[in-house]
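Enquirer: Work out the full structure: start from the sequences and follow the hints.
Numbering follows this note's numbering, with no gaps: position 9 of the sequence shown is 27.
FYI, nobody ran anything at the bench for these hints, they're computed from the structure.
Note that the structure is a prediction, hence the values are computed from the model and not measured.
Ideal Cβ placement from N, Cα and C applies to all residues, glycine included.
Misleading hints may appear alongside valid ones.
To be verified - Cβ pair distances, simulated, as ranges:
hint : residue 1 : residue 2 : range
1    : Asp45     : Gln67     : 28 to 34 Å
2    : Glu70     : Met19     : 22 to 28 Å
3    : Glu63     : Ser35     : 45 to 51 Å
4    : Tyr21     : Gln42     : 29 to 35 Å
5    : Leu43     : Tyr21     : 29 to 35 Å
6    : Phe46     : Ile22     : 31 to 37 Å
7    : Phe46     : Leu20     : 33 to 39 Å
8    : Tyr21     : Phe61     : 38 to 44 Å
9    : Gln42     : Lys69     : 33 to 39 Å
10   : Ala66     : Pro44     : 26 to 32 Å
11   : Glu60     : Tyr21     : 41 to 47 Å
12   : Ser59     : Leu20     : 43 to 49 Å
13   : Val68     : Phe46     : 25 to 31 Å
14   : Ile49     : Lys69     : 25 to 31 Å
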Amino acid sequence: MLYIMPWQGITNPIALSDKEMQVQLPDFRPIHPKSFQQQVSEFNEQQAQVKE
Numbered sequence: 019m020l021y022i023m024p025w026q027g028i029t030n031p032i033a034l035s036d037k038e039m040q041v042q043l044p045d046f047r048p049i050h051p052k053s054f055q056q057q058v059s060e061f062n063e064q065q066a067q068v069k070e
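Expert: In structure tokens, the structure reads:
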């Protein structure tokens, strides 16, 4: 069984005034595998220190 509950009441509807909607994706760039692995290792070390 599926229950669908509205998250917004009908007294305050959302009005979209701009007919042109665009989606902006983040700027993707290639990464260097060795430097990425080093960043991951440094992050893991920092998180281990925080837990202690």
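Enquirer: Could you run down the list of hints and mark each one as holding or not?
Expert: Going down the list of hints, with the structure as the test:
| no. | hint | in the structure |
| --- | --- | --- |
| 1 | Asp45 / Gln67: 28 to 34 Å | 31 Å, holds |
| 2 | Glu70 / Met19: 22 to 28 Å | 47 Å, violated |
| 3 | Glu63 / Ser35: 45 to 51 Å | 49 Å, holds |
| 4 | Tyr21 / Gln42: 29 to 35 Å | 34 Å, holds |
| 5 | Leu43 / Tyr21: 29 to 35 Å | 34 Å, holds |
| 6 | Phe46 / Ile22: 31 to 37 Å | 35 Å, holds |
| 7 | Phe46 / Leu20: 33 to 39 Å | 36 Å, holds |
| 8 | Tyr21 / Phe61: 38 to 44 Å | 40 Å, holds |
| 9 | Gln42 / Lys69: 33 to 39 Å | 36 Å, holds |
| 10 | Ala66 / Pro44: 26 to 32 Å | 28 Å, holds |
| 11 | Glu60 / Tyr21: 41 to 47 Å | 46 Å, holds |
| 12 | Ser59 / Leu20: 43 to 49 Å | 45 Å, holds |
| 13 | Val68 / Phe46: 25 to 31 Å | 29 Å, holds |
| 14 | Ile49 / Lys69: 25 to 31 Å | 27 Å, holds |
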